[in-house]
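Protein chains in written order, with my numbering: chain A, 1 to 581; chain B, 582 to 668.
Some hints here could point you the wrong way.
[As the list claims (entries may be wrong)] Which bits of chain B does chain A cover? Going by a derived footprint, with three or more residues having C-beta under 8 Å, they are:
| hint | stretch |
| --- | --- |
| 1 | 593 to 604 |
| 2 | 609 to 618 |
| 3 | 631 to 637 |
| 4 | 646 to 654 |
Please keep in mind that the hints were generated in silico from the structure rather than gathered at the bench. Glycine included, every Cβ here is placed at the ideal spot set by N, Cα and C.
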Amino acid sequence: MLYESSPVAIAIFAAFVLSVIGLSFYLGRKGQSAQGYYAAHGEIHWFVNGIAFAGDYLSAASFLGICGMIAFNGYDGFLYSIGFLAGWIVALFVIAEPIKALGKFTFADALDSRFNSRGIKLAVAISTLVVSIFYLIPQMVGAGDLIVPLLGLPHTAGVILVGVAVTMIVVTAGMVSTTWVQFIKGSLLVVFCGILAAMILNRGLVVGSGPAANLTPQVRTVTRDGTVLIDGVRQSKDHDLRPVGTLKALPERYAGKNATGPLRPLEYLSVLEDSTIVTWSSAKHTDDAGTHTTFTPVERKGSDLLKPGGYFRGLTTGKLADRLDFASLMLALFCGTASLPHILIRYYTVKDAAAARKSTVVGIAAIGAFYVLTLYLGLGAMTSAALDPTSTNMAAPLLAKSFSTTLFAIISAIAFTTVLGTVSGLIMAGSGAVAHDLVENVCGIPLTDHEKVRCGKIAAVGLGIIAMVLGVLFHSFNVSFLVGWAFNIAASANLPALVMLLFWPRTTKQGIVAAVTVGMVSSLAWILLSADTFEKVYGWSRETSIVPFSQPGLVTIPLGFLVLVVVSLLTPPTKAPRRHG
Amino acid sequence: MARSESQGPAVTASSRIGLALFWIYVLLYGGFIGLVLFRPDLLSRRPFGGVNLAIAYGMGLIAGAFVLAIIYMAACRVVDRPGPPRT
Numbered sequence: 001m002l003y004e005s006s007p008v009a010i011a012i013f014a015a016f017v018l019s020v021i022g023l024s025f026y027l028g029r030k031g032q033s034a035q036g037y038y039a040a041h042g043e044i045h046w047f048v049n050g051i052a053f054a055g056d057y058l059s060a061a062s063f064l065g066i067c068g069m070i071a072f073n074g075y076d077g078f079l080y081s082i083g084f085l086a087g088w089i090v091a092l093f094v095i096a097e098p099i100k101a102l103g104k105f106t107f108a109d110a111l112d113s114r115f116n117s118r119g120i121k122l123a124v125a126i127s128t129l130v131v132s133i134f135y136l137i138p139q140m141v142g143a144g145d146l147i148v149p150l151l152g153l154p155h156t157a158g159v160i161l162v163g164v165a166v167t168m169i170v171v172t173a174g175m176v177s178t179t180w181v182q183f184i185k186g187s188l189l190v191v192f193c194g195i196l197a198a199m200i201l202n203r204g205l206v207v208g209s210g211p212a213a214n215l216t217p218q219v220r221t222v223t224r225d226g227t228v229l230i231d232g233v234r235q236s237k238d239h240d241l242r243p244v245g246t247l248k249a250l251p252e253r254y255a256g257k258n259a260t261g262p263l264r265p266l267e268y269l270s271v272l273e274d275s276t277i278v279t280w281s282s283a284k285h286t287d288d289a290g291t292h293t294t295f296t297p298v299e300r301k302g303s304d305l306l307k308p309g310g311y312f313r314g315l316t317t318g319k320l321a322d323r324l325d326f327a328s329l330m331l332a333l334f335c336g337t338a339s340l341p342h343i344l345i346r347y348y349t350v351k352d353a354a355a356a357r358k359s360t361v362v363g364i365a366a367i368g369a370f371y372v373l374t375l376y377l378g379l380g381a382m383t384s385a386a387l388d389p390t391s392t393n394m395a396a397p398l399l400a401k402s403f404s405t406t407l408f409a410i411i412s413a414i415a416f417t418t419v420l421g422t423v424s425g426l427i428m429a430g431s432g433a434v435a436h437d438l439v440e441n442v443c444g445i446p447l448t449d450h451e452k453v454r455c456g457k458i459a460a461v462g463l464g465i466i467a468m469v470l471g472v473l474f475h476s477f478n479v480s481f482l483v484g485w486a487f488n489i490a491a492s493a494n495l496p497a498l499v500m501l502l503f504w505p506r507t508t509k510q511g512i513v514a515a516v517t518v519g520m521v522s523s524l525a526w527i528l529l530s531a532d533t534f535e536k537v538y539g540w541s542r543e544t545s546i547v548p549f550s551q552p553g554l555v556t557i558p559l560g561f562l563v564l565v566v567v568s569l570l571t572p573p574t575k576a577p578r579r580h581g
Numbered sequence: 582m583a584r585s586e587s588q589g590p591a592v593t594a595s596s597r598i599g600l601a602l603f604w605i606y607v608l609l610y611g612g613f614i615g616l617v618l619f620r621p622d623l624l625s626r627r628p629f630g631g632v633n634l635a636i637a638y639g640m641g642l643i644a645g646a647f648v649l650a651i652i653y654m655a656a657c658r659v660v661d662r663p664g665p666p667r668t
């Protein structure tokens, strides 16, 4: 769909972004030492850190991706919410206190705390970079998607804008500015999503009218020379794709009415379940004229949309491989959170283990509240008659637009700061891995405090450029889908080593190096050989893929544990553990 | 924090509580995934009148995580409290 930018939207967006960057410059003087740059001096208050956890974690995948997935496919998007939150249980009950006690700046510090091994530092630094880069891709894709309707600029411009802004945030004050950007973003996200959910409930459910109620199929053609046609006519403001996503009929108890009026939270879900909704499927084919995407309306019962199987079709086919694929994803989401380097380094910004614990509980409260709200946002978007059939990632901002342009601008600007907050955390984790782990500890180049900060800033610029390139290359993907990959790699590479280090004294440094390396390489290889990658990245047939299902976690996480145990038993135990905390 | 040397560096009194709560949540989460995988028909039912079991269980898992987190906080506060001075 073509979007028109509004001056109000541009002004609100500019105010948000400039405020965040201004704050970073203001805080710049606090991040001059290595301890300040990488760990904010360990002086962040636990409550601020807890909300910053939410700001760090609630990425474009959570906000844009899940809302879009629920809006287009129903309940299955909520399964991502459940899995994402469940991962915090591992973080709180298993990881939080020990990681605070064992580490200093980076995840490698914690894993290497007993061994002083260059092998561990190298393996973990590479794993940190791989996970961070895989996690960066969906954030940048989400940023690009937002810029299109908000500023009327192309997708690439959004990617570059977020890349430049985030690099500035990280380079100016490191973890101090990153923390405050994440705190502001986390607060705004939860509050405004709450407001939007309240507006959805207040509006209730309304039977569709206007262009969105026209249920004839639509065809979008991209010709060989790049011209876009809608139903055979050149796309323009006057001839564009119609918005989709409507309620066709309310339950019988509302007979004769076309709107329910305000509904209570559970009542909203109950009424929706008894309603009839029109969603849209898409099918693509290519011929000599170009690539044609046909969007076809599908009338569905609310009860079918509010149960599993809309997106994870394999749950209804009964095929074992499809079920294993789903189980694998849910395992990766559960295990992945506590293995994400940009989340783990946040534990170094508070003063002690008790503060780490308390901040995790605050994070769980904020993140849990947000995920409940996403269900309403997604379902609200599904029936808002405002969805763009070409972009699942735009569901939440377009839902806001169905209320007012100002709210659309605010939500889009918050979504953009969502990307800023998460990307800055990822770049912080990556720059720490490069400067502290690779340059100083692995290469053995002695760095003064000042040089360590400068090295981290140079690494941040490099990572920012990589993020921008990848954001352009992967622009057509759903961001939640992409984040699933990052969780799989993180859980496979990092969790086995971390858990066994904490709970199995027989763990050796060789075992850790082997587990991290095998977990990372096997999960990465599995993803690259999977049906999803064959189809969506290479453009090949799914049937030619090599591995039986796409999500690797079910195989590669246990493989990481197994490799660690076997290698540790085959190598001499560490004699005198160096203990911290 | 009391630490057991034979069980690894992370085994403290509070971590034992954490692990117990962790396994409770694993059972709840595993039960949900099991239903999605093997008995999705049960998730369509409305045992509580209004919303179906899929929504109720999903929201319950989110709320349950917060409840367990609060229990953990309270338990750790008791465990971490310094004991009376020895005489």
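Going through the hints against the structure:
For the stretch 593 to 604 of chain B, the assignment as covered by chain A holds, since 7 residues bring a beta-carbon within under 8 Å of that chain's beta-carbons and 3 suffice. For the stretch 609 to 618 of chain B, the assignment as covered by chain A holds, since 5 residues bring a beta-carbon within under 8 Å of that chain's beta-carbons and 3 suffice. Coverage of the stretch 631 to 637 of chain B by chain A holds [criterion: at least 3 residues with CB-CB distance below 8 Å; count 5]. Coverage of the stretch 646 to 654 of chain B by chain A holds [criterion: at least 3 residues with CB-CB distance below 8 Å; count 7].
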